[in-house]
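Trainee: Heads up: the sequence lines are chains R and F, in that order. FYI, in UniProt numbering the residues of the first sequence are 1 to 543. FYI, in UniProt numbering the residues of the second sequence are 1 to 249.
Among the hints, erroneous ones may be present.
[Said to hold, decoys possible] Restricting the straight-line Cα-Cα distance to at most 30 Å, the calculated cross-link-like pairs of lysine-lysine (DSS-like) are:
no., chain 1, residue 1, chain 2, residue 2
1, F, Lys52, F, Lys145
2, F, Lys2, F, Lys195
3, F, Lys16, R, Lys436
4, R, Lys440, F, Lys20
5, F, Lys241, R, Lys440
6, R, Lys436, F, Lys227
7, F, Lys241, R, Lys436
8, R, Lys164, F, Lys195
9, R, Lys440, F, Lys231
10, F, Lys52, F, Lys196
11, F, Lys145, R, Lys164
I should point out that these hints are in silico values taken from the structure, not numbers from a laboratory.
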Amino acid sequence: MSEREAMEFDVVIVGGGPAGLAAAIRMRQVAPEATVCLIEKGSEIGAHIVSGAVIEPRALDELLPDWRERNAPITTPVTQEEMYFLTEKKGYRIPALERVMPHIANHGNYIVSLGEVCRWLAAQAEEMGVEIYPGFAGAELLIERNRVVGVATGDMGIGRDGEKGPNYQPGMELRAKYTLFAEGCRGSLSKQLMEHYNLRKGVDPQTYGLGVKEVWEIPAENHRPGLVVHSFGWPLDDRTYGGAWLYHFGENLVSYGFVTGLDYENTWLSPFEEMQRTKLHPIFRPHFEGGRRLIYGARALSEGGLQSIPRLTFPGGALIGDTAGFLNTPKIKGTHTAMKSGTLAAEAVAEALTTERVEPASYTDRVRNSWVFEELHSARNVRPAFARWGSKLGALYSGFDAMVLRGKAPWTLHFKHADNETLRPAELCKPIDYPKPDGKVTFDRLSSVFLSNTNHEEDQPVHLKVRNMALWKTVNWDVFRAPESRYCPAGVYEAADVETEARLVINSQNCVHCKTCDIKDPTQNIDWVTPEGAGGPNYPAGM
Amino acid sequence: MKILVPVKRVVDYNIKVLVKSDGTGVETAGLKMSMNPFDEIAVEEAVRLREKGAATEVIAVSIGVQQAQDTLRTAMAMGADRSILVLSEESPEPLAVAKVLKALVEREKPDLVFLGKQAIDDDMNATGQMLAGLLGWGQGTFASKVELADGRTEVTREVDGGTETVSLALPAIVTADLRLNEPRYASLPNIMKAKKKPMETLQAADLGVDMARRLTTLSVAEPPARKAGEKVGSVAELVEKLRNEAKVI
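When you get a sec, could you build the whole thing from the sequences and use the hints?
Mentor: Structure below.
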C-alpha cells in the first residue's frame with residue numbers, strides 16, 4: 001500500500017465512453033470548481049469503443065447544444081431504413097416500419113463512429129478542465145469504512161509469474177469524494193460493487209448480447225450514405241434473439257455487425273460465425289462486393305433494460321451508462337441513455353458535493369423523472385417477450401405492445417434466468433455446420449482479431465482468471481464441449497488435447513475485452529479482470 | 001552536460017496500417033499515434049545517464065504538427081526535464097529535420113544528441129548521420145551500449161556479425177538500437193507531473209531552415225498476399241515441386 005502514490009480529486013470517473021465523458025463534461029458545467037479526473041483502460045480514448053452506431057442526439061443536444069459548431073463527427077443523418085425478416089434464401093421487408101416497430105424508426109438520428117464521437121467528447125471535456133488519463137485501468141476499489149473513496153490503477157511491469165519485473169511501476173491511488181463507474185457492459189469493478197453493496201437485490205438478472213462488428217470500405221458507386229439495414233430471423237433459430245445491422249456512413253464506409261442474445265441455448269452456436277455467414281445472405285452480400293474489410297471488433301452489451309437495472313448509488317459513488325444497463329434494446333441504442341445517465345449522475349454528485357451527503361442518491365430520482373425512465377419503461381416488455389416466446393411470437397408481441405398498448409401494458413414481463421444458466425448440454429443440441437471462410441467476404445477468427453490491433457504486453461499475469469480448473473473439465477468440457485471456444489470472438493479459449501486429456505488453453509493476449517466469458521461461462525468460473533493498462537484492442541477511428 | 005533527444009510522433013507499432021485506396025501513401029487519419037520506439041529507447045538511455053549523474057539535463061525535441069506535444073509530454077513523463085516543439089508540416093524529411101536539429105544544437109549547446117536509429121514509419125535511418133555530417137561531429141550509430149567518461153563516449157555498435165566499439169570525442173551523435181535498454185513505463189504520477197514541465201514552441205521558419213521536400217513518392221503498395229500452403233504426399237513429390245514449380249533447386 002505505502003509505495004503507491006495518491007492524488008485527491010472531487011470526482012473520479014472510471015471509463016472514457018459516452019457515459020463517463022458526458023458525466024465529466026456535466027460535472028464541469030454544474031460545478032466548475034470541482035476537480036474531475038477520468039481514467040480509461042484503452043491506450044487512448046476510443047480505443048475500446050465498439051458500437052453500431054446509430055445515435056439519437058437527444059442527450060447531446062441537452063449537454064452541448066452547440067455540438068454542430070464544435071465540429072462533432074456526427075455528419076451522416078439516417079436517410080433510408082430497411083428492416084428484414086430473413087429465411088435462409090429470402091428476406092422479407094417489414095412494411096410501415098415506423099408504426100410496427102416505432103422504437104426502431106430513426107428519423108433525426110445519425111450514423112457515426114462512436115469511437116470518433118468519444119475522441120471528440122474527450123477533447124471537449126479536456127478543454128473544460130477535465131483531466132483525462134488513457135492507458136490506465138481502474139484495477140482496484142478503494143473502500144474505507146464502507147464508503148468508496150476512489151480507485152487504484154493497476155501495477156505495471158508484473159511478470160507472468162506474478163513477480164515484479166525490472167520495469168515495475170506500482171499503481172496509483174486516485175482518491176475522490178465521489179467515484180462514477182462508467183466501465184461499459186459488465187464492468188469488472190462494477191461487478192465487485194454490485195456484490196459488495198448487494199446492488200442487484202430485488203431486480204431481474206441482467207441479460208446480455210454479444211455484438212461482433214466489421215468496418216468495410218466499399219466502392220464509391222455502391223455507397224449510399226444514410227442507409228440503415230437491420231435483420232432478424234435466419235441464421236438464428238426461433239429460440240435465439242439477435243440479428244444483423246448494416247449502415248452506410250462516412251467516406252465509403254460500411255459498419256456491419258451481428259448481435260447474438262447471450263441467453264442462447266445451443267452450446268454449438270458461435271456468435272462470430274453467425275456474423276460471418278449472415279454476410280452471405282442475398283440481402284447483405286451485394287453490399288460487400290468489391291469492398292475491403294478494415295476493422296474488426298466485438299463487445300458485449302446489456303439487454304435487460306429497466307427490470308435489470310441495479311440500485312444505482314452506494315456510499316461514495318454511482319454506476320452510469322451500460323455497466324448499469326441503460327441500453328434500450330428494442331431501439332438498439334444505448335449511447336443517448338448512457339450519456340443522459342452520466343449527465344444526471346453528475347448533477348446528483350454536484351448536489352452531494354455541496355450537501356456533503358455520503359451517497360449521491362438523488363441520481364436515482366433524477367433518472368426516474370427523466371425521459372430515460374419513460375423510454376425504458378415503455379420498452380420494458382419487448383426483450384423478455386423474445387426470451388419467453390421466441391423470435392416470431394416475440395416480434396408479434398412487441399408489435400402489439402407498441403401499436404395497441406403503446407408501451408403502457410399493465411404488466412411487466414420478467415427475466416427468469418441469467419445468461420450462464422441457459423446453455424443446454426452438447427448431446428441435446430444440434431451441431432451447426434458453419435461455412436468455411438472464403439477470404440473475400442467471410443473470414444476466420446485469427447485474421448479478424450488481427451484487424452482489431454489487439455496487443456497485450458506479453459509478460460504479465462493472465463487477466464482471465466479461471467477460479468477452478470477442475471470444473472472446466474467436468475462441466476465446460478464433459479457437458480458443454482467448451483462453449484468458450486465458440487462464443488469468444490477473439491479465439492482466446494481453445495480446448496487442446498481433446499482426444500486424450502482435454503485441457504483449456506487461454507490465449508489472453510488476443511482478448512478484445514468484450515467480457516462475454518465473464519457473462520456466459522456456465523458456472524461463472526471465469527473472472528475478467530483488467531490487464532496492464534493500454535492493453536487490449538486499438539480500434540482506429542471509423543470503429 | 002546536456003543531452004538533446006529528438007523524438008518523432010509515428011503511427012503506434014500495434015496498428016496495422018492500410019495503404020490509401022489511391023496508392024499515394026498509408027492512411028494515418030484517426031490512428032493511434034505514439035513515440036517512435038527507437039526514440040523511446042534514446043529517451044530512456046539519456047534519462048539513465050542523468051540519473052547516474054553522467055548528465056545534468058535531458059531536453060526532448062519534436063518536429064512536426066501540434067499533436068507532437070503529446071509525444072513530448074510522454075518523453076517528459078519518462079524523465080526528460082523540458083522540451084521544445086518545432087512546428088512544421090507532418091513528418092518532414094530527414095534532411096530538414098537534421099537542419100532544424102543543427103539550429104537547435106547551436107542554440108542549446110548539448111554535448112550529446114541521442115536519437116533513435118530510425119523511425120518505424122518511413123524507416124529512413126538517416127537523420128542521425130545527416131546531423132553528424134552537418135555539425136562535423138563524430139557518430140556512434142546502432143548503439144547497444146553507451147558509456148560516458150572524461151569528455152568521451154564509448155559506444156558499442158551492432159554491426160553485421162557482431163559488435164564494434166568506438167570511442168568518440170564529445171560533442172557527438174549517438175543513435176539507439178533495439179537492445180540498448182528496455183524503456184520504462186510512463187507512470188501515472190509522472191504523467192501528471194510532466195504536465196507542469198516546460199515546453200517551448202517554435203516555428204521551423206523562425207529557425208531559418210528550408211523545410212521544402214526533396215523526395216517524391218511514386219507509389220505505395222501493400223506487400224503481395226501470401227499464397228496458401230500446400231500439403232505434399234511424399235519427399236519425391238516435394239522435390240519434384242521444388243524443382244519444377246517453385247524452381248528453387
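Trainee: List in ascending order the numbers of the hints, as given earlier, that are violated by the structure.
Mentor: No numbers; nothing is violated.
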